[in-house]
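Residue numbers (the working numbering), protein chains in the order written: chain G, 1 to 221; chain B, 1001 to 1112.
Since the hints were derived computationally from the structure, they do not count as laboratory data. Note that the Cβ used here is the ideal one computed from N, Cα and C, for glycine as well. Careful, some of the hints might be misleading.
Between beta-carbon pairs, the in silico distance windows are [to be verified]:
#: 1; chain 1: B; residue 1: 1080; chain 2: G; residue 2: 129; range: 27 to 37 angstroms
#: 2; chain 1: G; residue 1: 129; chain 2: B; residue 2: 1005; range: 33 to 43 angstroms
#: 3; chain 1: G; residue 1: 70; chain 2: B; residue 2: 1073; range: 31 to 41 angstroms
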Amino acid sequence: MKTDALQQPVGGLRPEGATGVERGPRRRLWGTLTLVSMPVLLAMALVYAPEDANQGAAQRIFYIHVPSAWIGFLAFAVVFVGSIAFLATGKRRWDDIAASSAEIGVIFTTAVLVTGPLWGRPVWGVYWTWDPRLTSFLMLWLIYLSYIVLRGYVPEPIRRRSSRRCSASSASSTCRSCTCPLVGGARSTRPSSSWRAATCRCRCSSRSSWAWPRSRSSTCT
Amino acid sequence: MILPLFVILLQLEPAGGALLLVLSAFLGTLGLVTVGTLFAAMAVNTRGREAILPLLVMPVSIPVMVAAVKVSEAGFAGTWTASTTSWLLLMVGYDALFLLVALATFQHVTEE
């Protein structure tokens, strides 16, 4: 019963047509590439990269943390586009893309929320602080978690008959995600630059998270 | 309705910030009502609608709630600073965004 409800949105791969494309050598190629690039990434991150002068070995978690955040943002952008395309065209495939992308995004934002505190403890001295950026990121995660829960709660007959309902939720909840970075920027202590910071937060999140801990660690430790 | 009651019962003095208080009450209510109505229409057709509605509304309404708190705080203190203006702008933007989103998606939410 429960698994039935959950399996449906997970099915990003449609039985008709799509399986023939995805299951072939192309899929094996992606698998092989991942298998090769993962050890290379680990070797580069753990061995090749020099140790950070201020943060020591803890800084190495950035090589996982920041790309996960990027993938999460990208996945949520795909949810946004897919949901709007579904509302405009009514094609079920867009909805599947949005749903599966939301799951990818939640997985990677969860990784960010797990690795972030692990880094914060040695560098900031605390696992978690209710700082604007962290809080808005938690909200982002919560919003997409509730989106997935909502899809699981829509009864099967209704979803079959008019799958528009669950995707209406997707479209609106995606627009909500746009407010998350906006809030993070506006809640920062510098009101004049807040708007600009909000809009380019996604792009320069890596750079600001470089600048941020330096100023932070001096106040915390 | 509740706001004047609080002012009287708790003997608060909105020193020169009455305009801010009215603004924050109006914009905050507008944002909460917009989001609440849209999600209530979504949740009504799900199993366990009572459980899922707060789950949907809570994370989304946090921005407008925080902004309303900040602006009314400034209203009671009677100080209108630059950050107050940016919080007000945030509320205006939030309300405008969700009014538009709600208008655009409401027919999809309610159609059978």
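- prompt: Which hint numbers does the structure go against, in order from smallest to largest?
  reply: none
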